Amino acid sequence: MPPAFANRVGHQLVAFLLTVRGLGAFALIILGVIFRKHKVAREVMQPRIRHELARSGSNLIPVFTFLALALGFLVVGQTVTQLGAIKVPGLVGRVMDTVVVRELGPLLAAMLILARVGAANVIELGTARATGEVEALEALAIDPVHYLVVPRVLGMAGGVFALTMFLILGALGSGYVMALLFFPDLTPPPGQYLAEIADWLNWMDFVLILVKTVAFGFIIAVVTCYHGLAQPLRQEQVSGVAVRAVTQGIVACTLLDLVFIIVYLANGLV
Amino acid sequence: MSQPTIKEANPFPVLELCQATAGARLDPGVVLAADVNWTVNCGEYWVVAGEQHAGKTDLLMLAAGLLPPVTGTCHLFGMDARQLDEHRIAERLRVGLVFEDGQLFPELTLLQNIALPLQYHRNLSAEEVVRVLEPLFDRMELTPLAGRRPAELSRNWRKRAGLARALVMEPELLLLDNPLHGLGASHRQWWLKFLDELHRERSLTVVLATDDLRPWAGDERRRFALLHEGVFSPAGSWAELCRTHARTVAALQAGAETATAN
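Protein chains in written order, with my numbering: chain A, 6 to 275; chain B, 9 to 270.
Only chain B is shown next, with the shape it has when bound in the complex (with noise of 0.2 Å):
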C-alpha cells in the first residue's frame, strides 16, 4: 500500500481564518486586523508583511491560537482553534511559535529552555532530554552554549534558541514574527538556509511576519500577504503582491533600507 500524500493525510487547510478580526492583546477592543479571510494549506511558505506596529505578532497569536478572534473564526488543522484547551495538547503542538526576541526563560539555561516542552509533556529526565536533543543542537550549532543562560546571550543566539525550542516538539505549522529583525548578517543568511530546508526537508509549513521583504524579494516559491492600516491582504505570489501593493511594498523596501543604513 503506498504512503498517504501529505494532502490526503491533511485534508483541512492547516490555518484558515474566515471573517476574524484579531483584537490587540493588550486591549482587545482595539482593532488589528478586522474581516481576515485567509487560508493555508499544507507545505506553503507564507510571508505577511507589514511596518512595525501593524499588528502582525497579534495576528500571529490569532493564528496560533493564542488569542481569540474579537469576531469571526480561526480553524487550526480543521478544528476550532477555541477548543485547543488541554485535553487536546497533541493537537496544539502541532502548532510552533517563535517570538521576535526568544522569549526564552530568564532563570533556564539555554538547553533547560530548549528541553523545557520537552520535559513538561513527554516527562523526559535530564539525561534523557540531553540524548534527544544533541542532534537538533549540533545543527542549529547551539552546543557551546547550551550552559548560559539567555542574558549571557547575544540577540542572534537568543533567536535561535527561541526557533530551536519551537522546533523540538516537530511542529507542522512554523509561525515566525520578525525573525530575521536585529540579527546580524551571517545570522540573516543562516536563518533563511535553515528554514529553506526545513520548509524542504519536513514539509514544513511556514507563516512568517516581517517588516523586511528584501530577503524574499522576487521569490516565487513563496506566497504573500500584507497588513497595512487594519487591511489584511493574502495576496498570493511576489508578482501578485507587487501589482496589486505596489506602493506599499516601495515604502516597505524603503522603510528596511533605511533602517539597515541607520
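Here chain A stands alone, though its shape is the one from the complex (with noise of 0.2 Å):
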C-alpha cells in the first residue's frame, strides 16, 4: 500500500473515530443536562420547546402529507403490479406494514427532518456561534447546552415519533385508495385491509417504532447541534460544517435503521 495512501485512509480514521468521541461525549452532556435541569427555568424553557416541537413537528404536516400520498401511492403501486400475479391472501396489507410500518415511514420521517430542520440547527447554532451569542449566554451564567440544545432535542424526538405516525397512518390511507383505484380485485374491503394490517403488526413493533423515532430525532438533534455548537467557528465556516452534519446525520441514522433491522431479525418480525 503507498505511504501516502496509508496516511491518508489513517487520518480519516483518526478523524472518524474523533468525531464519534465528540458525538458521544456531546450526548451524554445532553441527556445529563435534560435529567439535572428538567426544572430549572421553566418559564424560558417551556416555550422554548413547544416552539421546536412546532418547528419539527406540525409546520411539516403540509409537506409530510404529500410525502404520505407519495408513499402510499408508490409502495402499492410498484409492489402490488409485481407481486399481484402472486395472488397471496393479505398481500397488500403485508406489504404496507413491512415496508411503510418498519422501515421507510420512520427513515423518511427522520431524513426529511434532518433536511428541513437539522440543516436549520446547524446553521442557526454554527452562526450564533461565529457572531458570539454563545458567549452572550455564557456571560449571563446561562448554560448553552440548556438554553440552545435541549429544546432542539426534544422537539425533533418528539417531532420524528409524530411525523412518523401520521407519515404511516397517511401512507396506509392513500396505499389503501390506490389500492382500490386501480387493482380492485387485489384489494380487500377496508375492515379485511385493516385486520390485515393488524394481524402483520405486533406489539413489538409499537415499541419499536417508539423507540426508533425518538433514537432517530435524538441522533438528529445530537449530530447536528454537535457541529453548529461544540466547537469554534468562523462564519464562513458554517456552511461548509452545514453540509458535514446533514452527511453524518445521514449515516448515523442508516446505522441505527440497521440495528433495528438486527433487532427485527432477532425477534422473528420480518
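Rather than coming from a laboratory, the hints here were simulated on the basis of the structure.
Note that the coordinates shown come from a computational prediction; the quantities given were computed from them, not determined experimentally.
Be careful, since some hints might not be right.
Claimed, not checked - Now the stretches of chain B that chain A is said to cover, found in silico as 3 or more residues with beta-carbon under 8 Å: (1) 68 to 78; (2) 86 to 100; (3) 205 to 216; (4) 250 to 257.
No residue lacks a Cβ here, since even glycine has one placed at the ideal position from N, Cα and C.
Build the complex from these two chains, which are given one at a time in their own frames, with help from the hints.
Given below as C-alpha cells:
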C-alpha cells in the first residue's frame, strides 16, 4: 500500500473516531443536562420546547401529507403490480406493514426532518457561535446546552415520532385508495385491509417505532447541534459544517436503522 | 452596629490575574497577552486601551472567567474563575459583560433579550419581568423600543440594550468591550454620563476596553492600562500612563482622530 494512501486512510480513520468520541460525549452531556435541569427556568424553557416541537412537528404537516400520499401510492403501485400475479391473500396489508410501518416510514420521516430542521439547526447554532451569541449566554450564566440544545433535542425526538405516525397512517390510507382505484381485484374491503395490517402488526412494532423514532430524533439533534455548537466556528465555516453534519446525520440514521433491522430479525418480526 | 465599608464587605480584590496568559478564543495557541499581573479592587474604574485586534476582547473574556488562562490564574472575588461553574451561579452573576455589538439574540425582542437572565435565573413570568424592568427601561430610555427585534434597531440602541441586559442581575463588576465604538455623539455622551452615575451610585467596579482614549484623557479619577503588542501594562493614573507609554498613547489618540475624521 503506498504510504500517502495509508496516511490519508489513517487520518480519515482518526478523524472519524474523534468525531464519534465527540458525538458520544456531547450526547452524554445533553442527557445529563436534560435530567439535571428539567425543572430549571421553566418560564423560559417551556415556550422554547413548544416552539421546537412545532418546528420539527406541526409546521411540517403539509410536506408530510404530500409524502404520505406519494409513499402509499408508490409502495402499493410498485409492489402490487410486481407481486400481483402471485395472488397472495393479505398481500397489500403485509407489504404496507413491512415496508411502510417498519422501515420507510420512520427512516423517511427522519431524513426529511434532518433536511428541513437539522440543516437549519447547524446554520443557526453555527451562526450563534460565530457571532458570539453563545458567549453572550455564557456571560449571563446561562448554559448554552440547556438553552439552545435541549429544546431542539426534545422537539426533534417528539417531532420525528409524531410525524412518523402521521406518515404511516397517511401512507396506509393513500395506499389503500391507490390499490382500490387501480387493483380492485386484489384489494380487500376496508375492514379486511385493516384486519390484515393488524394481523401483521405485533406489540413489538409499537415499542420499536417509539424507540426508533425517538432515537432518530435524538441522533439528528445531537449530530446537528454538535457541529453547530461544540466547536469554535468562523462565519465562513458554517456552510461547510452544515453539509458535514447532514451527511453524518444520514449515515448515523442509516446505521441505527440497520441495528433495528437486526432487532426485528432477532425477534422474528421480519 | 455600623454598616461594613465596601472594603470590609469585599476583602478580596474583585479581579486578580497572576502571570495569566490570554489565548485567542478561536485558537488558544495564539497568545494575545502574556504574563498579565493585574489587580482590580472594589469600586475602581479601569480603562484598558489598545489598538484594534490587540486582544482586548479576549482579555475581557478571560477577566470575566469565560476564557481560561493558558497559563497562570484568574481570580474573581477571591475565587478561581475556573471554579465558577453552574454550581456557583450566584458568584458568576456578580460579573456583567457588555459586548462590543451588544450580542443580542436576534429572535427575541428587546424586552425578551433584557429579561432573559431574570427569567432564566429567577423563573419570573412575563408580567413580573415587565414590572421589575420598568424602572431600568425608563432610565435607559428603552421603553418605546421594548417590542422591537435587534435587527430593527440601530447600533446605538443595540449597544444600550446590551448594557441593560448586563445590568439586570445587578453585577458588582461590569466589563465593557469598546462601549463607545460606532456610537453617535449624543449616545457617546449618554454612555459616559451613565457609566459615571453607575460607578458613583452603586460603587460598581468598571473595567472597559477601548481603542479610543480621548473620552477619558486626563481624567485622574480613572485608572489606565495598556495592551500593546502582547504586553499588558497596568499603568495606573493618566499621568503615569502618559509618562511610561507616551508614544503608544499618542499613536492611539492619532488613530482615533483619523478614524473619527474618516
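Going through the hints against the structure:
Three residues within the 8 Å Cβ limit are the bar, and the segment 68 to 78 of chain B against chain A gives 3, so the coverage statement holds. Beta-carbon proximity to chain A at under 8 Å applies to 3 residues in the segment 86 to 100 of chain B; the threshold of 3 is reached and the given coverage holds. With 0 residues carrying a beta carbon less than 8 Å from a beta carbon of chain A, the segment 205 to 216 of chain B misses the three-residue requirement, and the given coverage is violated. With 0 residues carrying a beta carbon less than 8 Å from a beta carbon of chain A, the segment 250 to 257 of chain B misses the three-residue requirement, and the given coverage is violated.
When held up to the earlier numbered hints, the structure conflicts with 3, 4 and fits the remainder.
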